[in-house]
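Student: Modelling step: build the complete structure from the supplied sequences, incorporating the hints.
Protein chains: 4
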Amino acid sequence: MTASPVRLVAEDAPDQPRPTTELTELYRGFEQELLVPLWTEIGDLMPAHPQSKAAPHLWRWDSLLPLARRAGELVPVGRGGERRAIALANPSLGGRPFASPTLWAAIQYLLPGEDAPEHRHTQHAFRFVVEGEGVWTVVGRDPVAMRRGDFLPQAGWNWHAHHNATSEPMAWIDGLDIPFQYATEAQFFEFGRDEVSEAERITPERSRSERLWGHPGLRPVGAEPSPAGTPLLAYRWEHTDRALTEQLELEAEGFAGVVEPGHAAVQFSHPGTGGDVLPTLRTQMHRVRRGAETAPRREVGSSVYQVFDGSGTVTIDGHTWTVGRGDLFVVPSWQSLSIRSEAGHTDSDSGALDLFRFSDAPVFEALHADRVQVEGISR
Amino acid sequence: MTASPVRLVAEDAPDQPRPTTELTELYRGFEQELLVPLWTEIGDLMPAHPQSKAAPHLWRWDSLLPLARRAGELVPVGRGGERRAIALANPSLGGRPFASPTLWAAIQYLLPGEDAPEHRHTQHAFRFVVEGEGVWTVVGRDPVAMRRGDFLPQAGWNWHAHHNATSEPMAWIDGLDIPFQYATEAQFFEFGRDEVSEAERITPERSRSERLWGHPGLRPVGAEPSPAGTPLLAYRWEHTDRALTEQLELEAEGFAGVVEPGHAAVQFSHPGTGGDVLPTLRTQMHRVRRGAETAPRREVGSSVYQVFDGSGTVTIDGHTWTVGRGDLFVVPSWQSLSIRSEAGHTDSDSGALDLFRFSDAPVFEALHADRVQVEGISR
Amino acid sequence: MTASPVRLVAEDAPDQPRPTTELTELYRGFEQELLVPLWTEIGDLMPAHPQSKAAPHLWRWDSLLPLARRAGELVPVGRGGERRAIALANPSLGGRPFASPTLWAAIQYLLPGEDAPEHRHTQHAFRFVVEGEGVWTVVGRDPVAMRRGDFLPQAGWNWHAHHNATSEPMAWIDGLDIPFQYATEAQFFEFGRDEVSEAERITPERSRSERLWGHPGLRPVGAEPSPAGTPLLAYRWEHTDRALTEQLELEAEGFAGVVEPGHAAVQFSHPGTGGDVLPTLRTQMHRVRRGAETAPRREVGSSVYQVFDGSGTVTIDGHTWTVGRGDLFVVPSWQSLSIRSEAGHTDSDSGALDLFRFSDAPVFEALHADRVQVEGISR
Amino acid sequence: MTASPVRLVAEDAPDQPRPTTELTELYRGFEQELLVPLWTEIGDLMPAHPQSKAAPHLWRWDSLLPLARRAGELVPVGRGGERRAIALANPSLGGRPFASPTLWAAIQYLLPGEDAPEHRHTQHAFRFVVEGEGVWTVVGRDPVAMRRGDFLPQAGWNWHAHHNATSEPMAWIDGLDIPFQYATEAQFFEFGRDEVSEAERITPERSRSERLWGHPGLRPVGAEPSPAGTPLLAYRWEHTDRALTEQLELEAEGFAGVVEPGHAAVQFSHPGTGGDVLPTLRTQMHRVRRGAETAPRREVGSSVYQVFDGSGTVTIDGHTWTVGRGDLFVVPSWQSLSIRSEAGHTDSDSGALDLFRFSDAPVFEALHADRVQVEGISR
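Protein sequences appear in the order of chains V, U, L and F. Following this note's numbering from start to finish, the first sequence increments by one per residue and tops out at 379. Following this note's numbering from start to finish, the second sequence increments by one per residue and tops out at 758. Following this note's numbering from start to finish, the third sequence increments by one per residue and tops out at 1137. Following this note's numbering from start to finish, the fourth sequence increments by one per residue and tops out at 1516.
Since the hints were derived computationally from the structure, they do not count as laboratory data. Just so you know, not all the hints are guaranteed correct.
Here are a few chain L residues that sit away from chain F, every Cβ distance over 10 Å (derived from the structure) [as the list claims (entries may be wrong)]:
| id | residue |
| --- | --- |
| 1 | D773 |
| 2 | E780 |
| 3 | F947 |
| 4 | E958 |
| 5 | S1096 |
| 6 | E1100 |
Sample of chain U residues at the chain L side, in silico, Cβ under 7 Å [to be verified]:
| id | residue |
| --- | --- |
| 7 | L405 |
| 8 | W418 |
| 9 | P429 |
| 10 | A565 |
| 11 | P640 |
These numbers were taken from a predicted model, which means no experiment stands behind them. By construction, the Cβ of each residue, glycine as well, lies at the ideal position given by its N, Cα and C atoms.
Tutor: Right, here's the structure in full:
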């Protein structure tokens, strides 16, 4: 997957014609005319199944957070750099800030009293809070609180800024489709106002978007949302937690609802369409009951997970890691993932392992390219 | 619009050919061969705009409820009759139990300890509770509580029964698309079990459907709902009330959200699609602030409203009625409706007029036949 | 199904409460308050499966055509009556000009040199030509020729007129959703110009719509059609005939394509969506090979067929008719239909039985209410 | 865009914090933990508008064809290499065989009597024939002829092979979404039979797919196509040519239909959905009247064009090339394109410039990311 500016034809690929002077001359002709034959490349380009350029990898929260704090001391936030965000760089993607070929994940850090200036971009984004509180994201002039467990989607092309209204620094996770839009070249970006106005420095418990759209099964008759992104700007932990709890209770009572035994999951959804909150990103919260293990599962497309609570082990295509709160890991396309919830050093109330997940699944579903394989059973 | 078995051609229609012996003979030939010319019928069949066969009409709750109670004394509930339901019969629809040409609305009444036997049908249905509580609707063996302000949709072809688990009788409103399916002839019906099993006589606060689907913006990953009807079986008053309250608060703060000044409204929606809860029925709750008045509005299709709280006046194509809690009225297709909230004899807390509404709008939207006219402005 | 203005409760319905003085008084109370109980009506309103109010019936072309000709002599065409169209009146629908509860079918007749004035309406319409030629339908100022075998859809709210440019009278069939829109009350109508302009009296072989949209699998990049009706205004017999011929040839060669053995069929489709040409009407041409017989089939919704060529027998819920060119028959909802192609007095080239069909199927599909049963197998 | 395995942070990016020992240490910490800050990368990742990694470029048919012929002499076709296809390698994409970041375009060459073995893959593909004939593509055992001007789409996961049934070699163009699926990692591939069976060596004028699906506005009732790719396997030049001719005739008569003055275009479409023939590729044929020039136009996403006939000049973001038959050029995302038809050394009958085009537009439309700018007017 190296991409040198000058590239010789891979004559050592399998099933190649016997190298001769004439063939070498032909290949030189190809290069001169900016041509590359299929037969030397087909193994790389058209594999039997996805062979991800990315590697599975785990980033420890205990390593990320101190670096983010140190960046808080050394790096100002302002116009130009825009955000004090530090991205996961998959070890197999050439040092680029890409968690996977399509997904961006970063830790963002904001000091007491700091603002991150307003801008907008076509890249779809979200925030997820694994700990702390005190920052408000102002979206289209609507201030949205951020607290542990909250999920804040941010559809492309909405103006947004952040400000820390408290006396404590705060860190959280940003997810975007930056690598996907980078690969497909669909990005637009605009600077907004340099500072959040006084009127937007209010710190309401609930955003206007939640007051309008955050009621179960109810939509405002007077508002027509865009299908391109959810109008609901915050999904609160109390609701997510309750939904997961109730799925496991239903299972215990003998009723349907969980994904598989001991494994509850909810998907954040657009209340106007029922679909994904963002056109390119699927976002979910999973809970694995203590002692339970999920069936190994492969999917077309990649995912990033962050452990929200509890501890356990994750196995990705044969590699196993123990994980705890805040740890992030990436699952490349078509690599199998299994998750096991275990009693660990972190003593959580529920004893369950809670994981936030985001993936590029909506891209593949929109293009009829989705495939899933669970324990050898294709769907 | 009378439909006599033998029907003479309307020779007094406008723009008709001069009656002659030959013409009379021709018309007799038509009748013999079961033919009817367009030119005598076109005014009735193809009007400049919808001329409803139905009339606007108001039914008083104070008149309905005593009759329902009396039916409770005289008419048993059981297999065959199926339900102790008494339907609104539009005065212009020939005595048929049709509130409008497409909509059925009835008051249903169940005594303490009574069961209404299980059945299923393709007609889509819902319950709405204007007062009282104590009945559970059992849908696919999931018992769903019914209390004041609750809305319970019931998509076609789901098994369902009712039982009154308390020592008080209870009345509520049923809405169905019976006339629409009667006109288009798409009805199927099956009897289920004669009695609700002991296991289903439990009376949980929250149904399994709510535990799985009743969380704002969250859908269970392990369940795939049918697009043909909502998987959420109850929409509770506390959520509806809060959503309406918050819309009016947003308006007072200067933000968007209400339908028009002083007029908040929410639509009950399918959490898996964002669309209507039922394929043929749109259901909404409206709140008109005391003193406010809605702009006169015409729509293709008919609606039935029930006053949930407060009092005021409604004006339908020039007819004005004062209305109070429980009163039901029908708005025929393309007749203009305006609603005014007023301080009345009923002293409601909020001072607002709350109205439940259902209509056949999804039919017209699915067929690209919807039209709305507000104060002379077509959309 | 009679609809008298005053209607007594049907006390002779099955499973009724025992008649007593009190019950009679209760029922009188219902009538006074414009109420009707469900328990006396449920058998009619909620049958086990659709029990059509319509009857299966056959109209002979040999009877229709002379009456249309006679109307040509006696009844002028012009503003007010609008069209010299004579509609099929189902014998069980009370003398109304309705072939079925949702479908209108009429023979229309235009003399040499005559115009039918321009108008538009929300009712969706089409023309189908069983014999003759010489009339042009002018749709939005685009003149469209009509010849034997041609199908001309006419989506609602398009301006249209007809003119006979030849020295021969011409008859054809009109199909519309008049009864459906009459029942649901969604109709709008406007008069257009009284006469077709000279510029529109041209008689091109191909309409502009065909030049833009009539190429297989090709859509014009510069035009965006409405999803609410096909932009292609004529489907020519040469294409329909060839498609049917090729299906039967593929069958003879052992390949897939026919509906069932000996039974080819094509559906007229919207080139911009692939769906039905009209939101409420499905239109198809069927060809049954001589000697073949279709499997008995029930569908939710009704159909009207016209024999285009050949002869045979049709069996509808036990009634059998022999049919030949031009004959029209109606199949009510959920009644079973089987068609047999036979050598008859009409000696057709192909020896096959060709039938044009239209139905209300898109309504039921849009509302998730479609059902089909073939030889006892439900789909 | 270079992707070295080890990558230092770009400290020379604009708006960076002042380099200090502490900052250098922080950045070293980032690298150790596989992290990359946003603030050094944002200019590259989130530009104001798409800044394509690709360059506009032109490949001359006169250079491609001799190299393909020479490959025919030196390189066998068979299992492993699969196809004698030679791909355009954009000069700015590091020597990879990618015409743009999402599109693959190659010349394929098959000698008399040769077979290209059967396989299938999730990559969507098509063939377009600029000259010659004699090869049949066998798709799911259905042999499809290839002749000048024909377009043959090939939805992913269909078995397909080629065989040259004549005594002449043949070249054509393959288009695929290989780079897109490579970037997003969704590829599956399977080998089929090594040789085409005798039964498939027939060389019919029309494929079975055309006999079933190639009739304008008609779909077979007995077949249900996948929405993921067109069931029509060939779009013949005679239809494409006629459609373009008629658009320009309509323009000359004063009617709508062309894209802009002097510019006709048709889009190859899925007859079952009206949408694109392939989920990820849009394919069109354009005709620019001699002397006409298209308005400069930018689009999100990239395109490859091949001149089919005529000659002219193309201008891409300020670069101008004269072009003639067979020449291929690529237009990167958001670069403006204008095409001018000119009388050239190639004397074409029509005097028009005909261009085949394919692009990745369906990807962006499916994800709500499409944008177009024509002469400064955004849509």
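Student: Next step is simple, just say for each hint if it's right about the structure.
Tutor: Here is how each hint holds up against the structure:
1. D773: It holds; D773/L is separated from chain F by about 43 Å at its closest Cβ, greater than 10 Å.
2. E780: Consistent with the label, E780/L stays out of reach of chain F, its closest Cβ about 58 Å off (over 10 Å).
3. F947: holds, 27 Å
4. E958: For E958/L, whose nearest Cβ neighbour in chain F is about 13 Å away, the distance exceeds 10 Å, so it holds.
5. S1096: Since the minimum Cβ distance to chain F is about 16 Å, S1096/L lies beyond 10 Å and the statement holds.
6. E1100: holds, 22 Å
7. L405: For L405/U, the interface hint holds, since the closest Cβ of chain L sits about 5 Å away, which is under 7 Å.
8. W418: With a closest approach of 3 Å, the W418/U hint holds.
9. P429: holds, 4 Å
10. A565: holds, 5 Å
11. P640: Check failed: Cβ of P640/U comes no nearer than 30 Å to chain L, outside 7 Å.
In this structure, only the earlier hint numbered 11 is contradicted, and the remaining ones agree with it.
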